[in-house]
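Protein chains: 2
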Amino acid sequence: MADGHTAVMDEGSKKAAEAALNPGIVFEMMQAVQKTAALKAAIDLDIFRPVGEGRGDVASIAEHANASERGIRILCDFMVINGLLTKEGNLYKHTPCSAAFLDPASPACLASVAQFLGNDAMREPLKNLAQVVRDGRTSLEGEGSVEPENPIWVQFAETMAPMMAPMAGPLAATVLGRHEGPMRVLDIAAGHGLFGIEVAKQNKQAHVTGLDWAPVLRVALKNAEKAGVQDRYDMLPGSAFEVDFGGPYDLVLLTNFLHHFDKPTCIDLLKKVHGALKPGGSAAMLEFVPNEDRVSPPMAAGFAMTMLTTTVAGDAYTFSELETMYHGAGFKDVKANPIPMSPHTIVTGCA
Amino acid sequence: MADGHTAVMDEGSKKAAEAALNPGIVFEMMQAVQKTAALKAAIDLDIFRPVGEGRGDVASIAEHANASERGIRILCDFMVINGLLTKEGNLYKHTPCSAAFLDPASPACLASVAQFLGNDAMREPLKNLAQVVRDGRTSLEGEGSVEPENPIWVQFAETMAPMMAPMAGPLAATVLGRHEGPMRVLDIAAGHGLFGIEVAKQNKQAHVTGLDWAPVLRVALKNAEKAGVQDRYDMLPGSAFEVDFGGPYDLVLLTNFLHHFDKPTCIDLLKKVHGALKPGGSAAMLEFVPNEDRVSPPMAAGFAMTMLTTTVAGDAYTFSELETMYHGAGFKDVKANPIPMSPHTIVTGCA
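Just so you know, the protein sequences line up as chains A and B, in that order. Everything in the first sequence is counted per my numbering, starting at 21 for the first residue and increasing by one. Everything in the second sequence is counted per my numbering, starting at 21 for the first residue and increasing by one.
Certain hints may be false.
One copy or any two copies: either way a pair holds, since identical chains are not told apart in the list.
Result set (EDC-like, lysine to aspartate or glutamate): computed pairs, CA atoms no more than 16 Å apart in a straight line [to be verified]: (1) Lys147 to Glu341; (2) Lys107 to Asp313; (3) Lys107 to Glu312; (4) Lys147 to Asp64; (5) Lys242 to Glu178; (6) Lys352 to Glu178; (7) Lys113 to Asp313; (8) Lys242 to Glu341; (9) Lys292 to Asp264; (10) Lys221 to Asp66; (11) Lys352 to Glu341; (12) Lys224 to Glu167; (13) Lys242 to Glu108; (14) Lys283 to Glu343; (15) Lys224 to Glu245; (16) Lys113 to Glu262; (17) Lys355 to Glu108; (18) Lys291 to Glu343; (19) Lys283 to Asp64.
FYI, nobody ran anything at the bench for these hints, they're computed from the structure.
Please model the complete structure; the sequences and the hints are all you need to start from.
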């Protein structure tokens with residue numbers, strides 16, 4: 021028995037060593053571009069809808085998508101290979117993930133994110149990433165993704181809401197733990213507005229001011245109307261670095277914003293935020309926060325690549341970096357609240 | 021104890037269910053394009069060389085690459101996240117994989133494959149994959165990747181040899197098991213020529229004829245000279261569908277070729293091969309052969325996507341399909357020999 025057990029372990033070690041030395045990882049990474057294109061195509065062709073309706077054979081999907089059977093078969097097989105469909109005989113069916121997040125019939129469907137995440141203009145720098153690495157900044161013009169009035173933020177507001185929506189509940193619960201009764205909230209870079217809106221939903225006495233470019237705020241206002249909180253939702257159009265915040269506020273939200281800028285810029289902005297807060301008020305960031313090693317967890321750490329390619333000096337900042345920024349702007353009691361099952365962390369600071 | 025054990029299992033099941041319902045897979049697939057761009061950039065900037073020389077800090081790599089420290093730090097972290105470097109403190113080191121396959125100092129280095137696998141022209145169809153799926157064929161002009169005299173095959177021959185080289189030994193061993201003494205070998209779509217050359221190396225009485233476009237054969241001839249088998253290496257320039265094969269041959273190799281064409285075309289070609297073989301001679305394909313479910317194993321099955329995007333009617337054919345083609349052309353005794361640690365299978369048939 022003992023010998024048998026040892027033999028099994030040796031076999032396992034051998035397999036691990038072989039796997040470690042398989043050049044397939046190089047091939048796979050060089051082909052990873054296909055995954056992005058395939059998911060975008062699958063969403064554009066609406067293949068997840070007929071699968072959810074039980075019409076998951078190639079002929080039915082092809083008819084629905086007005087597409088060739090060869091193309092649909094290879095595309096659907098590729099989805100199976102990548103865990104976004106299953107296949108039983110010749111019938112494609114949903115995985116739990118594709119049922120929840122890719123079938124348009126699901127309330128949690130986030131297929132629209134492919135529009136923003138697959139935005140060609142934002143990907144332009146990937147075409148010559150070596151040059152971006154040499155230059156140390158985006159090859160996009162001006163300030164890159166945060167160039168004033170960049171229309172991509174309207175697209176962000178319109179299409180990324182389903183991916184951000186699950187974070188709104190935890191964020192509001194975390195920040196409202198610090199506040200009761202009437203309160204004023206400033207939502208900087210409001211985008212779709214969901215975070216401020218959720219605060220207004222959870223606290224009926226909260227009054228929210230959304231700050232973003234005017235065309236973006238129109239999307240936020242629509243969402244505020246849908247949520248029935250438009251009477252407690254004001255708009256402050258413009259740049260967070262230029263407009264007068266007004267106030268004072270009990271709470272300032274900075275969601276998915278600081279990662280676009282360098283540390284001095286972040287500290288300056290946090291000082292401005294600090295100046296707009298009531299004594300005892302607080303700020304809350306929603307950020308991709310990698311561990312101090314900067315290489316884990318994968319999604320939060322990997323977000324730095326998006327910042328390299330689309331901004332001049334942004335980053336996925338670690339908690340210690342964000343804490344230092346907060347302290348540099350006069351905040352204290354900085355705390356991290358990772359949101360389960362998401363790459364995001366809520367980082368709060370007290371004025 | 022029993023209760024405790026049950027609790028642990030429940031926790032495990034819960035985690036599995038949560039993992040299954042994490043929308044991160046959608047985000048990851050939409051960002052997969054970054055992986056391809058990052059590996060290409062890392063190779064172009066030659067970052068694996070200083071890492072292998074023990075100069076794995078950001079400043080040293082940046083100096084070697086003539087690049088910014090911000091860019092190098094984010095790029096190297098991204099390599100770590102994707103398993104192609106490790107990080108100890110602030111020092112990047114090789115994984116077994118990057119040491120073997122990406123460090124230019126390694127004899128097994130296959131960094132050059134990024135040139136072919138990252139070829140912009142071949143990726144053009146991915147930009148509008150939905151349309152390719154609708155049409156059921158490549159959006160490249162004419163016959164796509166197999167358009168006559170397509171220059172990409174010179175690039176293939178020049179850059180993909182390191183990835184194909186490990187397959188040459190197993191292929192030659194498999195096919196020579198059937199032949200001894202003097203023999204004539206036709207290597208169709210010879211490319212870099214490594215497969216025919218390896219046969220010539222393992223059998224000193226083998227005489228090989230390489231068939232490919234003339235500019236491609238110049239690469240094969242160089243490799244034959246390097247291997248010292250040029251006296252037993254002839255060139256037959258042209259299209260496999262048009263030139264007279266000559267012969268008769270003891271062995272015909274069809275490596276990475278049939279997947280570009282539809283089944284009738286493959287059968288017609290195999291008939292022509294059959295006609296050029298001596299009685300008792302054999303043919304050997306090297307192919308990406310997925311299981312009959314067409315969705316496993318991942319690399320072989322996923323190769324169908326490359327065929328959808330770059331050919332008119334090619335595919336990653338299953339063993340039963342290849343066997344049917346062989347039988348349709350008069351071959352018998354068809355056998356599959358998967359090559360360990362590779363996505364390739366050798367499929368042989370007897371004339």
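Going down the list of hints, with the structure as the test:
When the C-alpha separation of Lys147 and Glu341 is checked against a cutoff of 16 Å, the pair qualifies neither within a copy, at 30 Å, nor between copies, at 38 Å. Only between protomers do Lys107 and Asp313 lie at most 16 Å apart by alpha-carbon distance; the minimum there is 8 Å, versus 39 Å within a single protomer. Taking CA atoms no more than 16 Å apart as the test, Lys107 paired with Glu312 passes between copies only; the shortest distance there is 12 Å, against 41 Å inside one copy. In this homomeric assembly, Lys147 and Asp64 come within 16 Å of each other (Cα to Cα) only across copies, at 13 Å, whereas the closest approach inside a single copy is 23 Å.
Only within a single protomer do Lys242 and Glu178 lie at most 16 Å apart by alpha-carbon distance; the minimum there is 10 Å, versus 57 Å between protomers. For a Cα distance limit of 16 Å, the shortest separation of Lys352 from Glu178 qualifies neither inside one copy, at 35 Å, nor across copies, at 60 Å. Taking the shortest Cα distances, Lys113 and Asp313 sit within 16 Å of each other only across copies (14 Å), while inside one copy they are farther apart (39 Å). For a Cα distance limit of 16 Å, the shortest separation of Lys242 from Glu341 qualifies neither inside one copy, at 35 Å, nor across copies, at 55 Å.
Taking the closest pair of Cα atoms, Lys292 and Asp264 come within 16 Å of each other only inside a single copy of the chain (9 Å); across copies the shortest separation is 80 Å, beyond that limit. Proximity of Lys221 and Asp66 under a CA criterion of 16 Å is satisfied in neither setting, with 33 Å inside one chain copy and 53 Å between copies. In this homomeric assembly, Lys352 and Glu341 come within 16 Å of each other (Cα to Cα) only inside a single copy, at 14 Å, whereas the closest approach across copies is 68 Å. Taking the shortest alpha-carbon separations for Lys224 and Glu167, neither the intra-copy value of 35 Å nor the inter-copy value of 67 Å comes in at or below 16 Å.
With identical chains, the CA atoms of Lys242 and Glu108 are never at most 16 Å apart, being 42 Å at best within one copy and 49 Å at best between copies. When the C-alpha separation of Lys283 and Glu343 is checked against a cutoff of 16 Å, the pair qualifies only within one copy, where the shortest distance is 11 Å, while the shortest distance between copies is 63 Å. Proximity of Lys224 to Glu245 under the C-alpha cut-off of 16 Å is restricted to the intra-copy arrangement: shortest distance 15 Å within a copy versus 82 Å between copies. Taking the shortest Cα distances, Lys113 and Glu262 never come within 16 Å of each other, neither inside one copy (51 Å) nor across copies (44 Å).
With identical chains, the CA atoms of Lys355 and Glu108 are never at most 16 Å apart, being 48 Å at best within one copy and 27 Å at best between copies. Taking the shortest alpha-carbon separations for Lys291 and Glu343, only the intra-copy value of 13 Å comes in at or below 16 Å, while the best inter-copy value is 72 Å. Proximity of Lys283 and Asp64 under a CA criterion of 16 Å is satisfied in neither setting, with 39 Å inside one chain copy and 30 Å between copies.
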